[in-house]
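2 protein chains.
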Amino acid sequence: MSESEAEHHQNPIRFGILGCARISHKFCRAISLLPSGTATISSISSRSLDKARQFAASARLHSSVKLLSPYDALLEDTSVDAVYVPLPTSQHATWAIAAAAKGKHVLIEKPAALCVEELERILEACEKNRVVFMDGAMWLHHPRTTEMRRLIDDPSQIGRLRLIHTSSSFLATPEFLQNDIRVKPDLDSLGALGDLGWYCIGSILWATNYNLPKTVVASPSLSLNQSGVILSCGASLYWGDGLVATLNCSFLSHVSTDLSIHGSQGTLLVRDLVIPYREDGASFEVISGAHFAELHIGWTKKPEEVAVKAPVPQEALMVLEFAKEVKLVRDKKSDPSLKWADISRKTQLVLDAVKKSIDKKFEPINL
Amino acid sequence: MSESEAEHHQNPIRFGILGCARISHKFCRAISLLPSGTATISSISSRSLDKARQFAASARLHSSVKLLSPYDALLEDTSVDAVYVPLPTSQHATWAIAAAAKGKHVLIEKPAALCVEELERILEACEKNRVVFMDGAMWLHHPRTTEMRRLIDDPSQIGRLRLIHTSSSFLATPEFLQNDIRVKPDLDSLGALGDLGWYCIGSILWATNYNLPKTVVASPSLSLNQSGVILSCGASLYWGDGLVATLNCSFLSHVSTDLSIHGSQGTLLVRDLVIPYREDGASFEVISGAHFAELHIGWTKKPEEVAVKAPVPQEALMVLEFAKEVKLVRDKKSDPSLKWADISRKTQLVLDAVKKSIDKKFEPINL
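Protein chains in written order, with the numbering used here: chain B, 1 to 367; chain X, 1 to 367.
Next up, chain B with everything else stripped away, as it sits in the complex (with noise of 0.2 Å):
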């Protein structure tokens, strides 16, 4: 074993759960996916003891794990490196800032918050405390993002970019349209925009390189709840040079996670952008360099399908990079990067906008 294995096998980086949610379950599974020494979770915390008891079994925690209530008492455990909060957005502020303030690191669930203001603040309290700052979303480290980066940047392969389309929407049950967190007012009255736009902004800002768009407008074609939570949306956004994007979050059509990237010289599909079908691996469709056929009888050539694998499940690979970095700030003393951090920054910029259209009319929104 070198030295520095051993060093990363002697340092797992050690999480607290701030919030028992269905998807801490997930985020538990990925931290048992990865190599021992890579992470593990320290302590969970419930707004009651017996909730957390309840998570514990359920997700079969070793019985090392500290079971805490109320949060406060995991920011207090200085065991802790760093927190995952997977809380409603409208709290996200008040422990992100807090697990900041105490030399957390903050892996936070996505949307990352309710407004621009409110991630700035979260952002400026990991700047000054040095802790390291992630968003939720997955799919940015699947390595067939990698490779669909690569083709994008590939002046040979999808060209000037012209058109980007995505649509991330779920049919939600009477039950959930009652009762889940994401459509009620007070805890993420963003609603779709919230929970499923963060990953339609955030995959075209990805295809354009966190370009960000000069203007955005919201569809006039807009779905609220009784309580003004969004249920379904849209937008367009453009870049004045020729770039469009359009994007659709629904909570009331069939399951969709699309993105589609037309460019002057090529095209590229991926219909599970944010939940690959298989966690094994996922794929895309490329084509690029086709015409139609003499007579337009056909086309030159069919796109491709490009395939990846994936060693582990891509929430995996997010806890994997989150703990590169956050071991780069504990072990190395490095400053943190603020790489994700602007990423998080752009989307809920754009967010913003889109939210913003939607609450003056659907007025253009300059950005």
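Think of the hints as simulated: they come from the structure by calculation, not from any bench.
Be aware that one or more of the hints could be misleading.
Copies of one chain are not kept apart here, so a pair can be met inside one copy or by any two copies together.
[Unchecked claim] Using 35 Å as the maximum straight-line C-alpha spacing, the simulated DSBU-like pairs for lysine-lysine come out as follows: (1) K26 with K184; (2) K51 with K301; (3) K339 with K309; (4) K26 with K332; (5) K214 with K327; (6) K301 with K26; (7) K184 with K302; (8) K184 with K66; (9) K361 with K214; (10) K184 with K301; (11) K128 with K26; (12) K26 with K302; (13) K102 with K333; (14) K128 with K66.
Once you have looked at the hints, place chain X on chain B.
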């Protein structure tokens, strides 16, 4: 041979071609692929006899095909039952109305006209003279289209329509952008909106069973050439019931002819809608009733590919359908069906609204 088969063989529909455009080659080939007795080419006309002669040689037309010039001569030819009109759009009204006045049935290339008022004049002339009208949208006649229709109309498969996205594009060569009739203001002033937007709008309306949107808004991302002809544009269509459709058509982007239909229960996707990759058949993808798997670590199912064989290419099936309608009028003395005229009218109506929104600086246009 039955009596009706005998009659069929004795009475092919005799076409006159008004203009030796490149697409007329495809039309001649389509006729050659149909069972004998369906349709024949009786006459072709061009602005010059020389051009007609060259076309006849290059398309290897039978020596019995009459070569005529100018176009009027073809309309005087009593051996012609129907005309195929591949002329520049600005000449459609003149020649379609003149043909109808001479009792010729009209198969016209898309876009049908420059505006709906012009198309109405064509359709009135056709109705008055009891001749069939159809535009050249070939994909409507592919058996894949019939199979997709069946799935859309089955409420358990796609369900209530929520989002339709279409893209139609090709990367025009510098020569095309300089010289093609589709970029000339006096010939095809609608440019990409007419040439490609016709497919986008047609497929959106087709998906909704020709239910017109309430509102149409053009996208501010617009490219015009120096003469003001549209090289690239987009629009959003709203029905006011939660359904939204987006379209993008462009001469400046890699070839695409995408149609995605998202409903409450399922999603349908086709990427080679307008011109199938191959002539002998075509496929589409459909996924219905899927969910994210437990813990959101996959999907409960993947999209299925549905392959549909084509006995002859879609352009031949279009001629077959047109010939069938014409025979009903010519041989059975039926009233001409208005089915295809109505489809053209609705397509042109929405196309007009996109154009009007562009002209009014992207204001919403109510239909």
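Notebook entry, point to check: With identical chains treated as interchangeable, where does the CA-CA distance between K128 and K26 reach 35 Å or less: within a copy, between copies, both, or neither?
Noted result: within (30 Å within a copy, 69 Å between copies)
Check: How would you classify K26 and K184 at a CA-CA limit of 35 Å: within, between, both, or neither?
Finding: within (23 Å within a copy, 58 Å between copies)
Checklist line | Intra/inter-copy verdict for K128 and K66 if alpha-carbon distance must be at most 35 Å | finding: within (28 Å within a copy, 86 Å between copies)
Note to self: Regarding K301 and K26, is the shortest C-alpha distance of 35 Å or less found within a copy, between copies, in both, or in neither?
What the structure shows: between (40 Å within a copy, 20 Å between copies)
Check: Between K339 and K309, at a C-alpha cutoff of 35 Å, which is it: within one copy, between copies, both, or neither?
Finding: Intra 25 Å, inter 50 Å, cutoff 35 Å: intra-copy only.
Notebook entry, point to check: Checking K214 and K327: alpha-carbon separation at most 35 Å within a copy, between copies, both or neither?
Noted result: neither (37 Å within a copy, 56 Å between copies)
Margin query: As a check of your reading, is K51 near K301 (CA-CA no more than 35 Å) within one copy, between copies, both or neither?
Written below: Result: close only across copies, 33 Å inter versus 56 Å intra.
Check: Quick one: K184 to K66, C-alpha cut-off 35 Å, is that within a copy, between copies, both, or neither?
Finding: Answer is within: at 31 Å inside a copy they meet the 35 Å cutoff, but 74 Å across does not.
Checklist line | Homo-oligomer pair classification [K332, K26; C-alpha up to 35 Å] | finding: within (29 Å within a copy, 69 Å between copies)
Notebook entry, point to check: When no copy is specified for K26 and K302, does a C-alpha distance of 35 Å or less occur within a copy, between copies, both, or neither?
Noted result: between (37 Å within a copy, 21 Å between copies)
Next item on the list: Indicate which option fits the pair K102, K333 if close means a Cα-Cα distance not exceeding 35 Å: within, between, both or neither.
Entry: Within. Shortest intra-copy distance 17 Å satisfies the 35 Å Cα cut-off; inter-copy 88 Å does not.
Next item on the list: Could you figure out if K184 and K301 sit no more than 35 Å apart (CA to CA) within one copy, between two copies, both or neither?
Entry: between (49 Å within a copy, 30 Å between copies)
Checked against the numbered hints listed earlier, the structure breaks hint 5 alone; every other hint is satisfied.
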